[in-house]
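Using the sequences provided together with the hints, build the complete structure.
2 protein chains.
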Amino acid sequence: MDDLMRALETSDASALLTAAEEIHYADLAALYENLDDAERDFFLKTIGPELATDVVAELPYPLIEEALNHFKPAQLRVLLGNLSDDDRVDVFQVVSEDTQRRFFALLGPRDKQLTKSLLKYDEDTAGGRMTTQVGRITADMTVKQAITVLRRDREDTETLARIFVVDEQGRLVGKVRLRDLAFNTWDTPIRDIMEEAGETILASADQEEAARTLSKYDLIVLPVVDEFHHLLGVLTYDDALEILQEESTEDIEKLAAISGEQSEVSYLNTSASQHYQRRVAWLVGLGFVSIASGYVMYRFSGVLEKAFVLSLFLPLVVAAGGNSGGQAATMVIRAMALGEITAGSAMKVAWKEARTGLFLGLSLGLSIAAFIAFILPHLHTAAIIGADFPRLAIAVACAITLQVLSATILGAMLPIAARAIKLDPAVVSAPSLASTVDVSGMLIYFTTAGAILHL
Amino acid sequence: MDDLMRALETSDASALLTAAEEIHYADLAALYENLDDAERDFFLKTIGPELATDVVAELPYPLIEEALNHFKPAQLRVLLGNLSDDDRVDVFQVVSEDTQRRFFALLGPRDKQLTKSLLKYDEDTAGGRMTTQVGRITADMTVKQAITVLRRDREDTETLARIFVVDEQGRLVGKVRLRDLAFNTWDTPIRDIMEEAGETILASADQEEAARTLSKYDLIVLPVVDEFHHLLGVLTYDDALEILQEESTEDIEKLAAISGEQSEVSYLNTSASQHYQRRVAWLVGLGFVSIASGYVMYRFSGVLEKAFVLSLFLPLVVAAGGNSGGQAATMVIRAMALGEITAGSAMKVAWKEARTGLFLGLSLGLSIAAFIAFILPHLHTAAIIGADFPRLAIAVACAITLQVLSATILGAMLPIAARAIKLDPAVVSAPSLASTVDVSGMLIYFTTAGAILHL
Numbered sequence: 005m006d007d008l009m010r011a012l013e014t015s016d017a018s019a020l021l022t023a024a025e026e027i028h029y030a031d032l033a034a035l036y037e038n039l040d041d042a043e044r045d046f047f048l049k050t051i052g053p054e055l056a057t058d059v060v061a062e063l064p065y066p067l068i069e070e071a072l073n074h075f076k077p078a079q080l081r082v083l084l085g086n087l088s089d090d091d092r093v094d095v096f097q098v099v100s101e102d103t104q105r106r107f108f109a110l111l112g113p114r115d116k117q118l119t120k121s122l123l124k125y126d127e128d129t130a131g132g133r134m135t136t137q138v139g140r141i142t143a144d145m146t147v148k149q150a151i152t153v154l155r156r157d158r159e160d161t162e163t164l165a166r167i168f169v170v171d172e173q174g175r176l177v178g179k180v181r182l183r184d185l186a187f188n189t190w191d192t193p194i195r196d197i198m199e200e201a202g203e204t205i206l207a208s209a210d211q212e213e214a215a216r217t218l219s220k221y222d223l224i225v226l227p228v229v230d231e232f233h234h235l236l237g238v239l240t241y242d243d244a245l246e247i248l249q250e251e252s253t254e255d256i257e258k259l260a261a262i263s264g265e266q267s268e269v270s271y272l273n274t275s276a277s278q279h280y281q282r283r284v285a286w287l288v289g290l291g292f293v294s295i296a297s298g299y300v301m302y303r304f305s306g307v308l309e310k311a312f313v314l315s316l317f318l319p320l321v322v323a324a325g326g327n328s329g330g331q332a333a334t335m336v337i338r339a340m341a342l343g344e345i346t347a348g349s350a351m352k353v354a355w356k357e358a359r360t361g362l363f364l365g366l367s368l369g370l371s372i373a374a375f376i377a378f379i380l381p382h383l384h385t386a387a388i389i390g391a392d393f394p395r396l397a398i399a400v401a402c403a404i405t406l407q408v409l410s411a412t413i414l415g416a417m418l419p420i421a422a423r424a425i426k427l428d429p430a431v432v433s434a435p436s437l438a439s440t441v442d443v444s445g446m447l448i449y450f451t452t453a454g455a456i457l458h459l
Numbered sequence: 005m006d007d008l009m010r011a012l013e014t015s016d017a018s019a020l021l022t023a024a025e026e027i028h029y030a031d032l033a034a035l036y037e038n039l040d041d042a043e044r045d046f047f048l049k050t051i052g053p054e055l056a057t058d059v060v061a062e063l064p065y066p067l068i069e070e071a072l073n074h075f076k077p078a079q080l081r082v083l084l085g086n087l088s089d090d091d092r093v094d095v096f097q098v099v100s101e102d103t104q105r106r107f108f109a110l111l112g113p114r115d116k117q118l119t120k121s122l123l124k125y126d127e128d129t130a131g132g133r134m135t136t137q138v139g140r141i142t143a144d145m146t147v148k149q150a151i152t153v154l155r156r157d158r159e160d161t162e163t164l165a166r167i168f169v170v171d172e173q174g175r176l177v178g179k180v181r182l183r184d185l186a187f188n189t190w191d192t193p194i195r196d197i198m199e200e201a202g203e204t205i206l207a208s209a210d211q212e213e214a215a216r217t218l219s220k221y222d223l224i225v226l227p228v229v230d231e232f233h234h235l236l237g238v239l240t241y242d243d244a245l246e247i248l249q250e251e252s253t254e255d256i257e258k259l260a261a262i263s264g265e266q267s268e269v270s271y272l273n274t275s276a277s278q279h280y281q282r283r284v285a286w287l288v289g290l291g292f293v294s295i296a297s298g299y300v301m302y303r304f305s306g307v308l309e310k311a312f313v314l315s316l317f318l319p320l321v322v323a324a325g326g327n328s329g330g331q332a333a334t335m336v337i338r339a340m341a342l343g344e345i346t347a348g349s350a351m352k353v354a355w356k357e358a359r360t361g362l363f364l365g366l367s368l369g370l371s372i373a374a375f376i377a378f379i380l381p382h383l384h385t386a387a388i389i390g391a392d393f394p395r396l397a398i399a400v401a402c403a404i405t406l407q408v409l410s411a412t413i414l415g416a417m418l419p420i421a422a423r424a425i426k427l428d429p430a431v432v433s434a435p436s437l438a439s440t441v442d443v444s445g446m447l448i449y450f451t452t453a454g455a456i457l458h459l
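Protein chains in written order, with the numbering used here: chain A, 5 to 459; chain B, 5 to 459.
Because the hints were derived from the structure by calculation, they are not lab data.
All C-beta atoms, glycine included, are put in the ideal place defined by N, C-alpha and C.
There are no misleading hints in this set.
Stretch-level coverage of chain B by chain A, calculated; a stretch enters the list once three of its residues show a Cβ under 8 Å from a Cβ in chain A:
1) 273-281
2) 294-303
3) 315-326
4) 349-357
Anything over 12 Å on all C-beta distances counts as not near chain A; from chain B, calculated:
5) L39
6) P77
7) G174
8) D392
9) C402
Residues of chain B clear of chain A, computed beta-carbon distances all greater than 12 Å:
10) R10
11) D41
12) Q173
13) R175
14) D230
What follows is the structure in structure tokens.
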């Protein structure tokens, strides 16, 4: 890696090529992100279209078009032809329409048709992520015939971990493992060693569902089929890894009220203006929601004026709602993402969270009540406060319990409600939930305290 | 699945067995979680130790000991012997010490020694997650000899997607693909077709690092070695999937101030008291922190009394800090989890977040200022408020900008600081950050407003 950086600095093409060939393309792609324009040009031209194919396939999407524009048409033809079919579709999906047309003209007839047919599927479906480069044999072959077919295709095939058996119409009828070909005599009929095909997924299914199926059943490849059970391609374990990581990142970001698609580029290579764009909408929107809490506080200024000691615990009551609601929402959203909760379990979830919330509210409420009754009177500030400590303790504890209980139930139910109306449960971000229960917290606090303290 | 439920209800053993054999063990394990005690006993005894092996390996950890206690020693011996070595170690790690001793007595001498040696590694290291069941050959074999060796071991081998070449001391020297064995003539020496071993990981390395390496380089198996490069075992792609999912869940939960280990049991099968235990500590702890905000508010009661209109925007200023700080912290924590940020980039992150925070603060501040200057005076409540609207707009906008800017920088820097002192960056949960910037928000708001409005 050091050799490579030195070669880049001194523009030493042969040293660069030697160094690059020793480095994994995933590392070369990571390095490419951090180069300036001139370095990128020199780097790509030196390593040439063959090696660049692997590097380009690993680049974050926004950099792909720019990278490809460094190549001449003849080189591009090689590079686009070398790409695996799913990577090629990714490239076509992310470049501008003009570029797409230009690239199409460079493809061979077979690749052109294949790419067109794959582009039909949505990016985030099983069909949009699958590769068609899979070992296919028929049941009437012998092991020897199968090996001959697979050997011919092997350079084009992404994985031979599973080899699929199809009938004359291309319908999936079974699978064999490469080890079963290797360990059986050459005249064994495939029919005798093939197993049932097992789990499959529809091309139109969501990519997350496909990845979870692969993960649940510990598969290396998951066959993707159409509604007539024709084998269209496979989703591989590395696609599943990528999909599940993307979905986790998406959930984490949504929970923190960050909107839009996650950047394919790393954090540091994303500009401040792009970071800004993903955060500003929620921040400003929630700001206006918070005026509702302010309005409640303003309306209850009479109560506050009569007993300013109440302000000591106002932020606490408000924050406790946001915190406990956020905890409940997070647990439920993650459980939904992992497929542990469906809309049908809403009542069970509500009952579990009601008990959890009640105990949480009582724990916090009683802790604070003990603080007010036993510790606060002995603090330096007690003289200024001069309040009815026992009564204040009761009022604050009641308000906290009510607030935590209601926020916990609300936090757990909103994601389920969102799913019920076909929204992503993770739209119920912790901040938006907090802003909502801020309002209820103010109302609960002032009415409870007002009633108990006779204000 | 319906057949199986019916067989369970009618206690029809033969129907149950027939149905269970048709169902994937991952589905059987999910079903088992939801059975009552008597059903579990009947289910396990009916399917017998052979089929139960796969089911037990898929169970959440807390259920494993209970499940195994349904079997008699002779059956347990079969079941423990059938488990793959990494699953067996998992079982030994989660059962009580007494049970562990009892189980050890049931193992054959080879399994006993292997299990003991694997138990040396921490649960969350590459060594603790690896399987030793991997195809091993030497460079001086021919393809035919290699196939003979692998065929003998194949039932014990988790994956033959990669076969590793070791020297006489067991040091890793290369790898071959099963396809290269299948597609070459039987007298080809392994030496001629083997490739470099490529990426490896130390047994003592963190499991997350191992999973990320496997994912980054699109490997099916990652060889686990000791410091002398002896091949100890492999981490497989399905382990990596599991590890990365666990780590994502952990980060999501920590960000929401949920403490402790995630439950291996699904959300609905976790008791309310366990849910309570994971949330109560942070909730109560943060409650006490919030008293600090309350104290600031209490100290500034004079300012508030003079201009109660300020309460209209107090929740907004406070919440904006928590929201923007939480956004920044989440972005940075996720970027660190994905390996995009190291401690060395702290200054770059600070500069990026300072700009992002400034623009966010100005956006929210100016929006609210516009609301105060142009809309608020025309609302129904304006008559009650009777404030100096232009001056109020300036005061609130300044406070918001300062609060968002400082909270954004703090939110981004705290996770990096946590990593620097060897803490998990995700300990900087959104709620704990919010409670911290609540205090600064109160201070900023009252001092800024006090100065600009001459209170």
